[in-house]
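2 protein chains.
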Amino acid sequence: MFKKRHSIKEIEEGKFLSPKFDENGLIPVVTTDFKNGDLLMHGYMDYEALKKTIETKEAHYWSRSRKKIWHKGQVSGFVQKIKEIRIDDDQDSVWLSVDIGNGASCHVGYRSCFYRSIPLGKIKNEEELEMEFKEKEKTFDPKKIYKDGSNPTKL
Amino acid sequence: MFKKRHSIKEIEEGKFLSPKFDENGLIPVVTTDFKNGDLLMHGYMDYEALKKTIETKEAHYWSRSRKKIWHKGQVSGFVQKIKEIRIDDDQDSVWLSVDIGNGASCHVGYRSCFYRSIPLGKIKNEEELEMEFKEKEKTFDPKKIYKDGSNPTKL
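Residue numbers (the numbering used here), protein chains in the order written: chain E, 588 to 742; chain G, 588 to 742.
Please keep in mind that the hints were generated in silico from the structure rather than gathered at the bench.
Just to be clear, a hint being listed does not mean it is correct.
Identical copies go unnamed one by one, so any copy, or any two together, can satisfy a pair.
DSBU-like mimics (lysine-lysine), calculated; alpha carbons at most 35 Å apart, straight line [what the hints assert, rightly or not]: (1) 734 <-> 638; (2) 723 <-> 655; (3) 734 <-> 723; (4) 655 <-> 741; (5) 654 <-> 723; (6) 709 <-> 644; (7) 730 <-> 655; (8) 655 <-> 734; (9) 596 <-> 670; (10) 668 <-> 654.
Make a model of the complete structure from these sequences and hints.
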């Protein structure tokens, strides 16, 4: 395991990796496109996924819906090559800067999972707050790629 | 409240905001600098914080350490002005693109909370995995700004 969390000063100002996994053994992960800083996805890692990501230089996550380690791109081919991994001040979240070439990172087919923008300002009707699609076209057809039809999105 | 989550198709492909808050009533939030895409921080919002952020166009979070809504910059003056808010495919995480001017977003004093980089490749000694500081100087002195001395970082 990584270095134990002994002191707040060490965690914040020290040089050793001491990640904090939550009560489920997970740490949140932010993944951005190294080319332009666009946010591609938000996911989670367990200890093994973090270690595999560091060592293989390809993003691994913990799939909460499938309850197993998930080598991103294993099915779709859209592997995320790691350009840099950073950790935050209290070491309870991870930032991956990745290269996905001309691929995509969203199981719905878009390049980024964050393809909709929320309008700003006073909300008139919360139940009908209309968002704007910022990606006009999908990068791939998920029906062709994910043949088993399972969907990680849950109600 | 926002639109109820009726169908996966609506959540993923629809235009209405239907955020999913977790068992603690929180949704994770990723905050990037609109100027260059740098990740500034990773936090959480409850329903009220999300609504206030949309309506006031300034970032509000839920502070898990203080257990209350937190208008970022209220103490430090480093308010995050919202340029855009996006939500992801299954609507369980939020992306804020913000303007912090020449300010900072990290309580330790750095511009970004993610000021340390993890070395890639085979790990020799997990307990002494040395990171590299990517920000060489702090943007502000936290001792001068946060006079009460409380620290959100926990072991």
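So which of those numbered hints doesn't the model satisfy? none
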